[in-house]
Amino acid sequence: MTPDEFTNKFDPDHKIDLEKNTCPNREQRAQGTNIFYGKASELIKDAKEGNIKCYDRKLQQSSGCVLNFYLTVRVATIRDAAIIYHGPLGCSSPSLGYRELFRAVPTALGRPENFELNWITTNLQQDDVVYGASEKLKNAIFKAQKRYDPKAIFILTTCTSGVIGEDIEGAVAEVQPEVKAKIVPVHCEGVRSRLVQTGYDAFWHGVLKYLVREPKEKQEDLVNVASMLSYTWQDRIEIKRLLGKVGLRVNFIPEFSKVEELEQLSEAAVTAPLCPTYTDYLSRGLKQEYGVPYFLYPSPMGIKNTDEWLRQIGKYTGKEEEVEELIKEEHKIWVPRMEAVRQELLNFKGNGEQVEVLGALGQGRLLSQLPYFKELGLKSSAALTQDFDNLILEDLENMVEETGDFDILVNTFQAAEQGHITRRRDPDIALTCPFQGGAYKREKSVTRLHALRGDPDPWSLQSGYAGAIAYGEFLIQSLKNESFGKTIKAKTGDSYKDWWYEQPDPLYYLDKETSSK
Amino acid sequence: MSIKENEKVENIQSSDPLGTDSVEAPKYSCALGGAYGTALGVYGLVPLLHAGLGCGMGQLLGQFYAGGHNAGGPVGGTSTPTTGLVEEHVIFGGEDKLRKLIEASTEVMEGNAFAVISGCIPALIGDDVEAVIREFEDEVPIININAPGFNGNSYEGYELFFEAVIDQILTSLPKEKGVVNILGVVPYQHIFWKGELAAIKKILGKIGLKANIIFTEFDGIEKLKELPAAEYTLVLSTWNGHRAAKKLEEKFGVPFITFPSVPTGPKQTSKFLRTVGEKLNVSDDVVEEVIKEEERRTYRFIEYSGDILLIARPHSYFAVVADSNSAINITNFMVNELGYLPDIIELTDNPPEEYRENIIKALTEDLEVASLPEIIFEPDSYEARENLRGRSFLFLFASSLELYSASELGAPDVGVPHITVAFPSYNRVILDNSYASYGGGLRLIEDFTSHFAGPL
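Going down the list, the sequences are from chains A and B.
Those letters in the first sequence? Residues 1 to 517, by this note's numbering.
Those letters in the second sequence? Residues 518 to 973, by this note's numbering.
Hints are computed from structural coordinates only; laboratory data are not their basis.
Heads up, simulated EDC-like pairs for lysine to aspartate or glutamate below, C-alpha to C-alpha not over 20 Å straight-line:
hint	chain 1	residue 1	chain 2	residue 2
1	A	Lys491	B	Glu627
2	A	Lys146	B	Glu900
3	A	Lys146	B	Glu903
4	A	Lys497	B	Asp736
5	A	Lys512	B	Glu605
6	B	Lys719	B	Glu811
7	A	Lys146	B	Asp538
8	A	Lys489	B	Glu627
9	A	Lys53	B	Glu604
10	A	Lys512	B	Asp613
11	A	Lys497	B	Glu620
12	A	Lys53	B	Glu605
13	A	Lys497	B	Glu627
14	A	Lys138	B	Asp533
15	A	Lys512	B	Glu612
16	B	Lys796	B	Glu748
17	B	Lys617	A	Glu513
18	A	Lys497	B	Glu656
19	A	Lys491	B	Glu734
20	B	Lys617	A	Asp511
21	A	Lys489	A	Glu443
22	A	Lys146	B	Asp533
23	A	Lys218	A	Glu261
24	A	Lys182	A	Glu169
25	A	Lys45	A	Glu402
26	A	Lys138	B	Asp538
27	A	Lys512	B	Glu624
28	A	Lys491	B	Asp949
29	B	Lys617	A	Asp505
30	A	Lys512	B	Glu620
31	A	Lys497	B	Glu624
32	A	Lys512	B	Glu604
33	A	Lys491	B	Asp736
This structure is a prediction, so every number in the text was calculated from the model and none was measured.
Assemble the whole structure, with the sequences as input and the hints as a guide.
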């Protein structure tokens, strides 16, 4: 990336260019960063002034790349597609869970009885790296066509295919006439960007460019919902339930979807978010190319957010009145239960103090979850977010206005930093993603931020009205027994030397000499 | 019953004899994954990945979770430092990033030694990793492991780890009588690695030998350094650990003995103890006394399973889809101790050509059965599933990838019980369990009979 390709000017209405082979990186498209510690208000100020920096860390820890955070575990769940990873063996090993991801969901909950998921790695060897591997890629495409007869074949690139300069489009152009499945190249080589979110955009770029069809006819009752990896089967059921009640159908993509459901994205009435930052590129593309309207805020998390989410959908589908009716009906059931949860949490400490929660969230979750925590009667004076970019700037500003200022640590699964802030702030509840190293070793409550993907239990629900209550009750449970984290803290060693926790700065290892902009 | 002299094992060649073609869901990760997992097995050693940002995360999901659903531990997973190379490092080199990472990691991480494991990108861009590591040679022990993913799979990573250790940190030591090194059990790839090593150490201890199992010992770095002091290396695999053992022999004169696998159940374990005892000059009396005592107890316990074995599923066919080590000990135990019939054995670990004859031998020569199994070397999970169709087996020892194949392959609404015994194992959490040694046979009986046990 040359310096003049960087721009700190952000245009919220920027166009996406489907003539190109791939999307721009999040660093360029939205001035993204994965390193910041300070007040949310300062971050907003920096962003407005174009002062966001993406520094390196001297102590970088394993986090995730464009390919290997999201894509390897999720794209392989598209039911009638085949995925080809064009790389060495290890890049695709996270996909080994493909056959089990959704199989634990009972068919009674709407999971189809039989389905196959398919992926192949081109298994690049030293010779391939030296002499090129486009023949191998082409053969893998033919193999996938012959074996699986899929509707689409996604080609996911890797660092190795990128660095050796594989001509993916050339190979695809050559074999597409002989292959029935639509071939969809996704440029997700890990080296291309520091921000894992670039992977979402790269995937949607491929979907928009190659799969989404010219609308045959508008489906006025269809709502696109892109389901991000932290939502479970029960979340889908709750969303379907709510929209079903006002006569709307949900087009869940891309996880566990069919290729047809990706093709028909252009025919929907609206694209609604579960995670705005995940859905942004898709929503923009569908609006720009096919006039499908979208909104990015809020997500259906908590009662107020769910109300507003439904209202937005109502607006774009002509169901305003039905939605108001629905909200009224649902409130009768859920608002009293929410009040009970809230009271229990407010009184939990018994000394008038609120329960303090610290969560590590994606930037999309951050926007909806902090207001939801407020609704639950929880205090969150700090938050961790995986990344930050200008796509959420306006919404973050609105949120800070509403919930008040808070400290924010931007990092993508940096275990030492997360351990540091968790230890030093010592919240009553630490919400952990599994990827937080030893941050769970603590005296107070520790629990998960979200469940396993294929978890079919209503107890694990988070979305919509039922989810707002379920997760509140879940958090109360987490306060009732803290022995696991406590015992492990007492009985096992720490990953870092004591001085790490004694010094005040989680970004101690920020490398000022380096910045990508 | 013994095998007829002239009966030949039918060995169907795999869809991809060298395992270098494109493949669906191969049951291993890359060389970096194997070296990384092996390094994590050595307590006190901190791995540093000189690699892309997602290489470590990829291995957490695809090597450690897949290896019996294990978290990364104090220096694994997201705790593992990495250079996280991106485009500008591809252009300008990653050496400076590595230097800074070593400085920071050695300053803040708890650990006795460090291992720089380099993946694809440094190899492609030609970083001089050795030169960077040399800058720290007076300050902290650092092992340099060059393990680009395109150079091989996880099993290769295990060998690369030991080759680097032997070349870089070991020095000659006087031989210590009664000490044996244990090689051939690959952390995470052999999903029962922790329990297997502990069981082997324990049983060898009973005949007076001290096993250096390296992994899971809290003085892991010392254990590595002690490798040259052993009287023998015992390699518990037809092919894993062979290169490491040969190198130990060449460089430090430690001879090695090869066994087909970790032994499971009394017959295999007694044979193992007799062979080891003889080589290490342990008195016959001691060995036989231990064998007698262990066998007596184990067989008395096996008797408790007599009714469920004989009434629910006697002498039925079974199938195996697993790495060579697991396939060998499970098949031999099921056939020779419990009277089951091997239907098809698919080997998923892609062993090099030169070891395959020995693997087939280990899978067949001792089988006390009238019909031998079909044996297929099959790294491709699609082909492995297809090969299971239309068979006679009533239960399946396999990886969790075959979990739902088993339910689809059986008679309608019945399915075939599936027992996860091999990598990947997402549906079975393995902390300390294993099928090793005398008690391991009992564990195996418990695990598979529980799939069909019910009221009489």
